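*Asks:* Sequence order for the protein chains is A and B.
So in my numbering, spot 250 of the first sequence is number 1289, and the numbers just go up one at a time.
So in my numbering, spot 123 of the second sequence is number 340, and the numbers just go up one at a time.
Source of the hints: derived by calculation from the structure; they are not laboratory data.
The structure displayed is predicted, hence computed values, not measured ones.
Mixed in with the good hints, there may be bad ones.
Unchecked claim - Pairs of lysine to any residue residues, derived as SDA-like cross-links and limited to a Cα-Cα distance of at most 25 Å, are as follows:
1. 1334/A to 1293/A
2. 373/B to 1297/A
3. 307/B to 1112/A
4. 1373/A to 1293/A
5. 304/B to 1197/A
6. 397/B to 243/B
What follows is the residue order along each chain.
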Amino acid sequence: MIFAIKALVPAILFLVFLTAPALGMEGLDLGFKATALAGINGLAESDLNPGNGLARLPDKESLLLLKPDLSLVREDWLVSVKPRFELSLKHYEIRGVSDENTDSKADIPEFMVRRSLTENLFLSYGRENLQWGPSFLYSPSNPFFSDNEKKSLVQDLEGKGLLKLVMVHDEAFAASLIYNTDKGAFNESDFEKTLALKLDYSGDTGYGSLILSQRDHGPERLGAFAGATLTDAVLVYGEGSLQNEDGLSGSLLFGATYTLESGDSLCLEYLYYEQGQGRNPDFLRENYLLVQFLKDDLMGGMDLDSRATLCLDDGSSRLYSSLSRELGGHMELKTAGMINTGGAHGAFGAYLDYQIQVALEYTY
Amino acid sequence: MNPLKIIALTLLLLLPVTAVKAQGPMNLEKATALLAESDLSRGNSSGLEWDIDIESQTEGNTEANRLTVLVKDTNCLAVYQSPANIKGRKLLMKDRNMWFIKPGLSKPVPISPRQKLLGGASNGDIASTNYAGDYTIENFTEEVLDKDPCIVFDLKAKTKNLTYDRIRYWVSQRTKTGLKAEFFTLSGKLFKTAVFKYDHKISLDGQERPFVSKMTITGAVVETEKTVMAYSHIRLRDISASAFNLDLLVK
């Protein structure tokens, strides 16, 4: 019964999409994506996940995702909702025993209600995955989300409850007061509400932000990022954070991007993560290097993203490559492959040796 | 000697002098003013919105995209409208800082002015131009282009982070609009040419002005590569600073 209701909801939403323009619902913006994904995970034999008994990761999976995006703008209000519906078929190998599982899931990982109090003052509440900063590898300045990138080719990131007041002084200066009210769908047993003040500056050729934050029962933290356009082809940037918890500790990242005359770009980043050694599951060590090549036409054709993340402390690495190709104006084919080197004791190999994903996405 | 012959000879002798002194009536100050005025017809104004249909022909393939562009001074926001699989993507340019915002991406990605938009069009091509502010006039001469007397500017970028290092720009003295441009790389190589049409009219400061309706870009290396940008629905708008705020654009 519940599954029938869950299946009915996307059908109703789809009918709304088709009829909304006829009903004169001005200000309503509708988007819809349907994605089919197939993936293989090469599970690592590691002490952190012996026999796959703890993490219980699938070794094969197929997903069907329905992703409607609704956005309504009416006078001073903006309402944005991103419900997600997922049908999955997953195969597991746990302590030598095979198992197959089908599941359906419906939730709203992100939504937002925003009111323009004045032309330059905005108040919003919602569940958002709030990301900022110029870096690809990690965003040290962000006190809310340590994850900087999508783990899946097609699944969106989860959001956390955020109350925000954004004040835009002029084109150059803005400030935001952000209160993280809840952890959303994240499994964080040590979650604490966090208040942050973010100050932004954007100049002729450079930009920067300062972020002061405080957890309910935690230390104050200072984050910052800045970037500059040095030439028509060269961008440089840096990002970092500092906090005083059992002594002063922090992270620092430097990066640069060079765009070739073809429009393709090369990126290099170095990260020093002092809070490593087990505090963040994505960064178990301290020194990392990222090399990335992007062939992105931005508007069409084939996009290639190849990335190598190296842990300088133990020599392990994560090699990742994704290819996407637009097939007409509505379809896109995506493939991605990832290999972790350095074994189960390396910085990246605790759970997966490799991963391959293929997805076909239709946009209405 | 026949007086007519004397007059003809005198005119012939004066011709090179006249050609050199053609710059006389058009001094640097007037040339700069002409260049600034031509920028107005390409969007260098406070508060404008327009749609652009871009069609690119490359290696026998044709791609088309539609964008809505919001411009205020040196800030520009382009929102992709079609095709469906790129709708909602945004390009934000705040002076020389640029970001690409893609629905589904976790955050805006900083990009450089060199990043291409589609075919022969660069990010800088869809924004308003500010050649008078961004470039130094190294030289200017007079030339007739398609029966239109023009001033031909040799422009050099004032800073290294502009989309083009050098531009050769034909501006009509009659309509005060830019008719043709040649774009050069840092090494001095011609890499693309653009011609402009101005079939639109807008009212700026109480005066009616022609406004760009089409920009056709041809590659210098592969001349069959052509990108056509058609401008439409030009409208004056009161645009607040918040329209270009990066945090508010990512929703």
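*Asks:* Return the numbers of the hints above that this structure violates; sort them in rising order.
*Replies:* 4
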